[in-house]
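S.K.: Residue strings, one per chain:
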Amino acid sequence: MTAIPTTGSRLHWALTDSLTLTRRYLAHLRLQPVQLAVQVGFPILIMLMFVFLLGGMMGAVPGGDYRQAFVPGMFVMTMLFGLSSTMIAVVTDTQRGITDRFRSMPMAPSAVLVGRAVADLLISMIGLVVLVLAGLAIGWRPDAGPGAVLAAVGLLLLLRFALLWVGIYLGLRAGNPGTLAAVQTSSSRWRSSPASSRHRTPCPSSSPPSRNGTRSPRPRPLSASCSAAPAGARRHGSPTTPSSWRCSGPH
Amino acid sequence: MATAVLAEALRKRYPAAPHPALDGFDLTVSAGTVHGLLGPNGAGKTTAVRILATLLRPDGGRAEIDGIDVVADPVGVRRRIGLVGQYAALDEILDGHANLVMFGRLFHLSTTDARRRADELLEQFDLVAAADRAVSSYSGGMRRRLDLATSMILAPAVLFLDEPTTGLDPRGRAEVWTAVRALVAQGTTVLLTTQYLDEADQLADRISVLATGGHDGDGGGRVIAEGTPDDLRSHIGGDRVELVVRHGADLPAAAAVVEAVTATVAQVDADVRRITAPVTDRMTALAATVRALAEHGIDAEDLTVRRPTLDEVFLQLTGTTTQEARA
Chain A
1 MTAIPTTGSR LHWALTDSLT LTRRYLAHLR LQPVQLAVQV GFPILIMLMF
51 VFLLGGMMGA VPGGDYRQAF VPGMFVMTML FGLSSTMIAV VTDTQRGITD
101 RFRSMPMAPS AVLVGRAVAD LLISMIGLVV LVLAGLAIGW RPDAGPGAVL
151 AAVGLLLLLR FALLWVGIYL GLRAGNPGTL AAVQTSSSRW RSSPASSRHR
201 TPCPSSSPPS RNGTRSPRPR PLSASCSAAP AGARRHGSPT TPSSWRCSGP
251 H
Chain W
252 MATAVLAEAL RKRYPAAPHP ALDGFDLTVS AGTVHGLLGP NGAGKTTAVR
302 ILATLLRPDG GRAEIDGIDV VADPVGVRRR IGLVGQYAAL DEILDGHANL
352 VMFGRLFHLS TTDARRRADE LLEQFDLVAA ADRAVSSYSG GMRRRLDLAT
402 SMILAPAVLF LDEPTTGLDP RGRAEVWTAV RALVAQGTTV LLTTQYLDEA
452 DQLADRISVL ATGGHDGDGG GRVIAEGTPD DLRSHIGGDR VELVVRHGAD
502 LPAAAAVVEA VTATVAQVDA DVRRITAPVT DRMTALAATV RALAEHGIDA
552 EDLTVRRPTL DEVFLQLTGT TTQEARA
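The listed protein sequences derive, respectively, from chains A and W.
In terms of the working numbering, the first sequence is residues 1 to 251.
In terms of the working numbering, the second sequence is residues 252 to 578.
No lab work stands behind these hints, which were simulated from the structure alone.
Here the structure is a predicted model, which means the values were calculated and not measured.
No false leads were slipped in.
On the chain W side, residues computed to face chain A include the following (Cβ under 10 Å):
1) Thr305
2) Asp342
3) Phe411
Note that beta-carbon positions come from the ideal geometry of N, C-alpha and C, so glycine has one too.
Construct the complete structure from the given sequences, taking the supplied hints into account.
M.R.: This is the structure we're talking about:
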């Protein structure tokens with residue numbers, strides 16, 4: 001009844017073990033389609049919100065349509081945002097003791113990290129492709145040739161790949177949910193700025209005081225409206241921007 | 252008998268910790284036996300297991316699994332051990348079968364072998380009915396059994412169980428105990444850490460008691476007593492009879508009765524009207540106490556015979572060692 005492990009070179013096992021773990025993470029997606037839909041769909045939702053709900057206030061931006069600037073910004077932010085999902089996965093495995101079990105097994109130690117990295121990159125690729133298609137659907141048109149567009153996609157994935165290791169490192173170092181919350185908060189603040197910084201319009205504050213004077217405890221997507229709305233409003237010269245848009249607190 | 256686990260003078264201190272987690276830890280476990288590592292939180296049980304399982308490097312001392320040094324050849328050690336940590340280290344999203352196949356592949360079994368082994372283990376640990384369900388839907392006892400099954404994929408020579416029943420209900424504990432006994436019957440050597448005296452008593456052939464560190468700056472992370480459960484019991488005075496009387500006025504009379512029956516000195520706690528005394532023969536002492544109480548017309552609220560708590564064991568053990576030191 002005792003099973004005998006097969007033999008092979010170190011490199012062979014490093015690759016096989018990585019593949020086993022990559023398949024583990026991809027199986028998660030298959031078993032949790034809702035989570036995949038949320039992960040892929042959330043940036044699309046933000047994009048639709050900014051273009052159709054708030055886009056009217058942006059008016060003309062230098063160099064053409066607001067969408068031309070906004071949609072690529074969304075691509076970059078989505079790649080940045082992947083940092084926290086990598087970190088969550090690493091911290092969850094560490095807390096459940098799965099990482100310890102892997103380390104006590106005669107498997108290739110590198111596979112734990114490589115498997116994670118490959119799976120996250122694949123998921124990001126899917127997300128990016130869907131997001132590009134969504135961008136095209138709402139009227140974004142790349143103004144460069146196909147070669148340059150492919151190179152840009154490659155750069156985006158390279159950014160994700162680089163940050164993925166930061167996420168793995170932080171996840172392994174942190175190991176507790178407190179740090180995790182901090183990273184999620186800061187990565188969602190980055191989200192809130194590119195649309196305006198692209199046009200060098202200063203945002204009043206990355207996290208403006210809400211009506212009761214305290215810093216917003218949840219600078220979630222709504223806080224993004226702070227950076228975009230006043231910028232557009234100023235350009236329109238309209239003093240009557242609804243105050244609720246300037247305040248980002250959860251309403 | 253061959254030695255499966257050997258630790259000599261292991262030392263480990265975590266950065267920024269005031270006391271060493273392990274300070275001269277010695278352990279010898281013969282092949283095919285179950286060894287209990289008993290101690291309260293912070294006594295260094297988990298640190299010892301993590302060093303033996305190659306997850307942590309010791310600051311000093313030496314440790315061998317099946318004659319292989321844990322520092323010099325960690326990979327060799329990893330082929331011979333199974334580790335069941337304090338939390339069921341399983342993938343919650345995958346089902347039971349998929350978990351076993353995944354870990355089987357990571358133990359470098361071929362896909363066919365990994366599937367076959369998964370089926371065998373599901374059968375052995377009575378999880379066939381739950382094989383296709385996500386682990387997140389499992390009960391605590393089922394998770395633990397799957398956890399055990401996972402660590403048994405390669406049928407390791409030595410299995411480390413770090414507090415395997417912490418957080419389980421009595422039913423879950425019984426399930427895990429049954430599974431562990433089955434493994435031992437197949438010849439696996441088990442090193443079990445626990446905070447529960449009855450668990451060590453139930454499962455272990457020999458028990459090492461670890462002292463808790465930090466109270467007076469020394470004594471932590473060392474084995475302060477070692478022996479069979481029977482040795483340990485005779486050393487610490489065995490079970491306790493505990494009597495609670497209904498009226499506080501009866502306390503002196505009741506204490507006299509208990510002392511007469513057990514032929515020892517009883518501890519009296521007047522606040523809760525409770526009398527405690529060590530006994531050697533549980534049932535005889537219980538019956539004799541009931542009879543004597545009835546004869547003297549003392550109204551008892553509660554009368555039980557129980558195992559000594561870990562606190563009492565430590566009081567007894569550390570008390571004894573101080574006396575020996577004085578003599």
